[in-house]
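These protein sequence lines map, in sequence, to chains Y and R.
Numbered per our numbering, the first sequence finishes at 608, counting up by one with no gaps.
Numbered per our numbering, the second sequence finishes at 608, counting up by one with no gaps.
Since the hints were made in silico from the structure, they are not lab data.
Any given hint could turn out to be false.
Since the list gives no way to pick out one identical chain from another, each pair is judged satisfied if it fits inside one copy or across any two copies.
To be verified - Simulated crosslink set (SDA-like; lysine to any residue; CA at most 20 Å straight-line):
hint: 1; residue 1: K520; residue 2: A508
hint: 2; residue 1: K540; residue 2: Q524
hint: 3; residue 1: K540; residue 2: G505
hint: 4; residue 1: K520; residue 2: K577
hint: 5; residue 1: K577; residue 2: G555
hint: 6; residue 1: K540; residue 2: R571
hint: 7; residue 1: K520; residue 2: H549
hint: 8; residue 1: K540; residue 2: L514
No experiment lies behind these values; they were computed from the predicted model shown.
Protein chains: 2
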Amino acid sequence: MELDKSLVSGSMAMLVLKLLEDGDKYGYQMIEELRRRSDDTFHLKAGTLYPLLHGLEEKGLVTAYEGEAAAGKPRRYYRLTKRGGAALREKEAAWNDYARAVGRVLEGGACLA
Amino acid sequence: MELDKSLVSGSMAMLVLKLLEDGDKYGYQMIEELRRRSDDTFHLKAGTLYPLLHGLEEKGLVTAYEGEAAAGKPRRYYRLTKRGGAALREKEAAWNDYARAVGRVLEGGACLA
DNA sequence: CCTTTTATATCGGCCGTCTATATATTCAGT
DNA sequence: ACTGAATATATAGACGGCCGATATAAAAGG
Numbered sequence: 496m497e498l499d500k501s502l503v504s505g506s507m508a509m510l511v512l513k514l515l516e517d518g519d520k521y522g523y524q525m526i527e528e529l530r531r532r533s534d535d536t537f538h539l540k541a542g543t544l545y546p547l548l549h550g551l552e553e554k555g556l557v558t559a560y561e562g563e564a565a566a567g568k569p570r571r572y573y574r575l576t577k578r579g580g581a582a583l584r585e586k587e588a589a590w591n592d593y594a595r596a597v598g599r600v601l602e603g604g605a606c607l608a
Numbered sequence: 496m497e498l499d500k501s502l503v504s505g506s507m508a509m510l511v512l513k514l515l516e517d518g519d520k521y522g523y524q525m526i527e528e529l530r531r532r533s534d535d536t537f538h539l540k541a542g543t544l545y546p547l548l549h550g551l552e553e554k555g556l557v558t559a560y561e562g563e564a565a566a567g568k569p570r571r572y573y574r575l576t577k578r579g580g581a582a583l584r585e586k587e588a589a590w591n592d593y594a595r596a597v598g599r600v601l602e603g604g605a606c607l608a
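Construct all of the structure, not just a fragment, from the sequences and the given hints.
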């Protein structure tokens, strides 16, 4: 069974910002790194990532600049802004709250039986 | 800051099924119990829950029956089916995979700096 | 008597993600 | 030299989950 896609919603922006915390990256690189760092759990699609990056740029959470390509098309690098870092910390806190609450519901259930 | 809604997607069906693991429940009751068990993190809306329950019933994951109301309108109770229980276990496994992968991305980042 | 609470239900819309498609370049195989 | 795969970015259309607004209905409380 493939990972339920409907479970995988809303956190991609957070994960992308997180990747940029380690240094500037270009889109294709983020897809591969996210795949690697998640032990092949996340298969972020190009059709999801690029519009997402454009949205983050519009909101001022990342800035973009052109870089030379080692191979293929020229690369577009993204850098985390100060506001992007702040947004990341908020999203991380929200994620932790959410995950903790799910854990409570999943674990707290059968105990009182 | 309110809990980011876009982070709270896709897992509601799982949580509702989980609530029914402890015994039959009616809709309004689930809203309150989910709120309580999540320490006020989840505010499941009626407009979300009832269509969700109808969908679960169509898929054969729950069955419904009318019950007498202590007050107000008659209550519609829901019971977890065998297939519903199996679906729940799958969703729990998927959630654990997902949450673990997010954790890896969030924690594995700054370490190699 | 009117508002709140209990309780179920539907509709329209927003937003995040996916699939499919397009474009452009380089490298490996034949 | 030609072809396909990989690299790399981009957009459009569709789908599905969740929410806000709204409707209905009955009992409890002020």
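Hint by hint, here is what the structure shows:
1. For the identical chains of this complex, K520 and A508 are intra-copy neighbours only, at 14 Å inside a copy versus 36 Å across copies, given an alpha-carbon limit of 20 Å.
2. In the homo-oligomer, the alpha carbons of K540 and Q524 lie at most 20 Å apart inside one protomer (12 Å), although the nearest pairing across protomers, at 39 Å, exceeds that limit.
3. Taking the shortest alpha-carbon separations for K540 and G505, both the intra-copy value of 14 Å and the inter-copy value of 19 Å come in at or below 20 Å.
4. Proximity of K520 to K577 under the C-alpha cut-off of 20 Å is restricted to the intra-copy arrangement: shortest distance 16 Å within a copy versus 47 Å between copies.
5. Taking the closest pair of Cα atoms, K577 and G555 come within 20 Å of each other only inside a single copy of the chain (9 Å); across copies the shortest separation is 49 Å, beyond that limit.
6. For the homomeric pair K540 and R571, the shortest alpha-carbon distance inside one copy (17 Å) is at most 20 Å, but the shortest distance between copies (41 Å) is not.
7. When the C-alpha separation of K520 and H549 is checked against a cutoff of 20 Å, the pair qualifies only within one copy, where the shortest distance is 14 Å, while the shortest distance between copies is 44 Å.
8. Taking the closest pair of Cα atoms, K540 and L514 come within 20 Å of each other only inside a single copy of the chain (16 Å); across copies the shortest separation is 34 Å, beyond that limit.
This entry satisfies every hint, going by the numbered hints stated previously.
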